[in-house]
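J.: Residue numbers (the numbering used here), protein chains in the order written: chain A, 1 to 340; chain B, 341 to 608; chain C, 609 to 882.
Don't read these hints as lab results, they were simulated from the structure.
Worth double-checking, as some hints may not be accurate.
Unchecked claim - Lysine to any residue pairs mimicking SDA-like chemistry, simulated, CA-CA at most 25 Å apart: (1) A:LYS35 / C:LEU874; (2) C:LYS618 / A:PHE23; (3) A:LYS38 / C:ALA633; (4) A:LYS38 / A:GLU183; (5) A:LYS131 / B:ARG452.
Stated by the list, open to error - From the structure, some residues in chain C lie toward chain B, with a derived Cβ separation under 10 Å: (6) THR667; (7) GLY668; (8) MET669; (9) VAL817.
Ideal placement from N, C-alpha and C gives every residue a C-beta, glycine not left out.
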Amino acid sequence: MIGSIEVRGLSRTFHTTVRRPGFAGALRSLVNPQKVAKHAVSDVTFSVAAGELLALLGPNGAGKSTTIKMLTGILTPTAGEARVAGVVPYEERERNARNIGTVFGQRTQLWWDLPVRESFAILRDIYEVPKAEHAARLKEFDELLDLSSFWDTRVRHLSLGQRVRSDLAAALLHDPPVVFLDEPTIGMDVVVKEQVREFLRHQVEERGRTVLLTTHDMTEVERLAERVVLINHGRLVLDGTLDEIRRKFGSTWQVRVTLADPHTEVGSLPGIALLRHEGPQAVFGPDGPDAPTVHQALKQVIERYEVTDLALDEADLEDVMRAAYVHAEASHAETAAEGA
Amino acid sequence: MASVLHGWRAARVTPLGELHTPPRMTAVLLRLTVQVVLVASLWRGLYAHTGTTAGLSRDQAVTYAVLAVLASRLRELDQSAGRDMVLQHMHFGTIVYWYLRPLPPQRYYALRALGEQLYGLAWALGGYVVCLAAGVVEPPESAAVAGVFVVSMLLGQWVLYYVMLVLDQLCFFTIRNNSAMLILIFAQNLLSGVYAPLWFFPDWFITLSSFLPFQATLSVPLSIYVGRIELSDAGVQLVIQAAWVVVLALFTRWVWRRAARRVISQGG
Amino acid sequence: MSVKAVKAVKSLRIAWRITLLNIRAAMEYRTEFLLNIAIGAIWQVSVIVFATVLLARFTGMGGWDSSDVLLIPAIRMLAHGLFVLLLGRMHFIGRQIQEGRIDIYLLRPMPVHRQVQLDYFPTNAIGDLTVATGLMVGALSRSDLDWTAGRVSYLIAAIIGGMLLEAALFTVVASACLRFPAADYWSRWLEELLGTFGSYPLNVLPRAVGGFLTYALPLAFVAYLPTAVLTGHDHGIGVPYWLAAASPLLGIAGYLAARLVWRWSLKRYTGVNG
Chain A
1 MIGSIEVRGL SRTFHTTVRR PGFAGALRSL VNPQKVAKHA VSDVTFSVAA GELLALLGPN
61 GAGKSTTIKM LTGILTPTAG EARVAGVVPY EERERNARNI GTVFGQRTQL WWDLPVRESF
121 AILRDIYEVP KAEHAARLKE FDELLDLSSF WDTRVRHLSL GQRVRSDLAA ALLHDPPVVF
181 LDEPTIGMDV VVKEQVREFL RHQVEERGRT VLLTTHDMTE VERLAERVVL INHGRLVLDG
241 TLDEIRRKFG STWQVRVTLA DPHTEVGSLP GIALLRHEGP QAVFGPDGPD APTVHQALKQ
301 VIERYEVTDL ALDEADLEDV MRAAYVHAEA SHAETAAEGA
Chain B
341 MASVLHGWRA ARVTPLGELH TPPRMTAVLL RLTVQVVLVA SLWRGLYAHT GTTAGLSRDQ
401 AVTYAVLAVL ASRLRELDQS AGRDMVLQHM HFGTIVYWYL RPLPPQRYYA LRALGEQLYG
461 LAWALGGYVV CLAAGVVEPP ESAAVAGVFV VSMLLGQWVL YYVMLVLDQL CFFTIRNNSA
521 MLILIFAQNL LSGVYAPLWF FPDWFITLSS FLPFQATLSV PLSIYVGRIE LSDAGVQLVI
581 QAAWVVVLAL FTRWVWRRAA RRVISQGG
Chain C
609 MSVKAVKAVK SLRIAWRITL LNIRAAMEYR TEFLLNIAIG AIWQVSVIVF ATVLLARFTG
669 MGGWDSSDVL LIPAIRMLAH GLFVLLLGRM HFIGRQIQEG RIDIYLLRPM PVHRQVQLDY
729 FPTNAIGDLT VATGLMVGAL SRSDLDWTAG RVSYLIAAII GGMLLEAALF TVVASACLRF
789 PAADYWSRWL EELLGTFGSY PLNVLPRAVG GFLTYALPLA FVAYLPTAVL TGHDHGIGVP
849 YWLAAASPLL GIAGYLAARL VWRWSLKRYT GVNG
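Whenever a hint applies, use it, and build me the whole structure from the sequences.
T.: Below is the structure:
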């Protein structure tokens, strides 16, 4: 209960005004606006256990941010229900606010004109954190995020990496059991990214916080998340572990070979697909549910073709996600066609 | 008690921001000085060939005008520099954070405004003392006038708070209302008597203005100070000011609720 | 047609097309557009009342006839309205700079100054110009002066000069904003000063104060001095008559100089906080 997130059948529809093209159209829209409904999130169900880090994935515009907004209480769903640490966020926004910490990567909650530490002091006051507790936590965060090197600088003069680290600290200073991070590492350099990941891992493993993270950085997902929820067009496509996603959308292995004769005719073998072929290089992957094991596949490829070099890779997560997004796209188009 | 003061640090944002940027304070000092000199000489010049007009003598008019300049300091800071205006939060999408904290946005806003007004008061008081010593403004006629003036000024600032709040609340509903804001600020300045005492205006204008809250912010307290509103009439004016406080408090509360609904239906 | 002329026509056409798009964009924000029109009415009434109220109270201001004094706010308002319409985007530039818009402008193949001007359509200029035209009509109908062709041409020159001078002042502040975005503060003060002190015969002020508004902040040349020339008040205006008469030329010179300052500052523009 403490720190868990429950989402059941959550849906959100927006109504927007259609802008008609042309000057006359603009005038007509002024007099008689035309509304259209857009289903940003429809019937999404998932849950996050206390102390778990879950990555919410999906292409741009899939409904990730809308979902986070409903879980933080700043957006009311049109249907369905959500509970964050036992509280219905959009019904008891202020009570929920004490349980959560939120960072929207591109937007800062810090006071632009003041040194970072003053922002922390204001937040301490707003969240009513005891002084000693605040100091101790600030010390802990400083050790992990190296805040003291810039916390006397005014926010307007911070670099992006410094600003996001400060925002991350600001969101966690009141010790929330649940943390929402909307693309926290966007635009940051590798060193800072690693620092932030380390910090998040520490917060989950040592402090037992529940983290819901959205990101487009697959390295981050691989490093941090055991479980992912994939949404597209507002619908839940998959809820499972990274391995499950790999199994479902990614070939589990790839065999790269260099052919002795670049002019060899290359094609697919039973259960083995030819993925790419360029000059002497060819890449094979499993094909269909009856694909052979890596061992058998290697044997078959070597038997069939004369190769001078051979390498075995696991498909990387980016490829898997691309396959998953494209797959979701195709099935969405199908349902849309059926509906029409 | 603790719950009343909860979040009080938000009140420090403006003064702290100013203290961290000394050039801004120098700018305020320079602007205030020049403005006082200009306004005082303008009214003296205007009165050069005229005795008492519109019930105001030269000294009354100069005192009124200079006090108006000082009072406009109370709530006219470079707010945009702090990126903490509703307009900017709507623009940058950071308004969501106001709704993500256990402090209601209206309380946060009120604390910010209170800090800002107290900071401005320090400036206005300092300026007043200097102007009084230099003989630019006249002291109030009696202790009673001074007392009523303080009460009226307090109510006036309260009304002003709500007027500014309405302007900011407008931003929740129309994001690009820059020009509308400028026009309303102009209306506030004109109808509160910052540009010229309302007594100079035609009767129909004064009548029109008496139906609006603007004159309650500045014109009434300053007129009490210079004695253009007699103490015997001051009671009625204080009641009207208090009535505006109540009306605007209710109105802005209703708008806050609608603003929250708007943020929550659109996700900020 | 020369290559230069073709280029000028082309850029004018682009500017016109962008302006049309901006007007459309202004209409997209339905509430604001309608609100602007509604509030414009309040604004118009207040400005005219404000301009006439003091004239009615203080007749013989600075030794001038009321009908003569009325010409000052009329010229100033009309010059201001034209400034807002044509070159007015300069006084919100502080915000554009803080948001890093200048960096985007610098990447496009069009002068930055023109892009700033084409950023949005100033809906409020319509209100400004309506008020100003009304005021000018009122001032001219009350005037006892003989409006010869020469005087009318000088009036038009004065209005254009006033517009350019106001534009010059705001362009200089905008140039300062490129280096110090906080200088935006001064632009608001400038607007307030122009609004409050631009409409009086400045000889009501003590000599030192009048001198400040003539030589330090050349506000006198916007409307006061050209009006003095038009109405034949060539004495006691604080400057030699020839200098007062040259006000429109000063407007042109000031504007060209301000554009040079702008170019110079833009070359040294280093961006805002990284």
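J.: None of the hints should be skipped; say for each whether it holds.
T.: Consistency of the hints with the structure:
1. The hinted pair formed by A:LYS35 and C:LEU874 fails the criterion: a straight-line CA distance of about 44 Å is larger than 25 Å.
2. Between the alpha carbons of C:LYS618 and A:PHE23 the distance comes to roughly 22 Å, so the proposed pair stays at or under 25 Å and holds.
3. At roughly 23 Å between alpha-carbon atoms, A:LYS38 and C:ALA633 fall within 25 Å of each other, so this suggested pair holds.
4. Of the supplied pair hints, the one linking A:LYS38 and A:GLU183 holds, its CA atoms being roughly 23 Å apart against a limit of 25 Å.
5. Under the criterion of a C-alpha separation no larger than 25 Å, the hint pairing A:LYS131 with B:ARG452 is consistent with the structure, at around 22 Å.
6. Because the beta carbon of C:THR667 sits about 8 Å from the nearest beta carbon in chain B, less than 10 Å, this interface hint is met.
7. The interface hint given for C:GLY668 is met, as the beta carbon of that residue sits about 6 Å from the closest beta carbon of chain B, less than 10 Å.
8. Taking 10 Å as the C-beta cut-off, the interface hint given for C:MET669 holds, the closest approach to chain B being about 7 Å.
9. A least Cβ separation of about 5 Å between C:VAL817 and chain B falls short of the 10 Å threshold, and the interface hint therefore holds.
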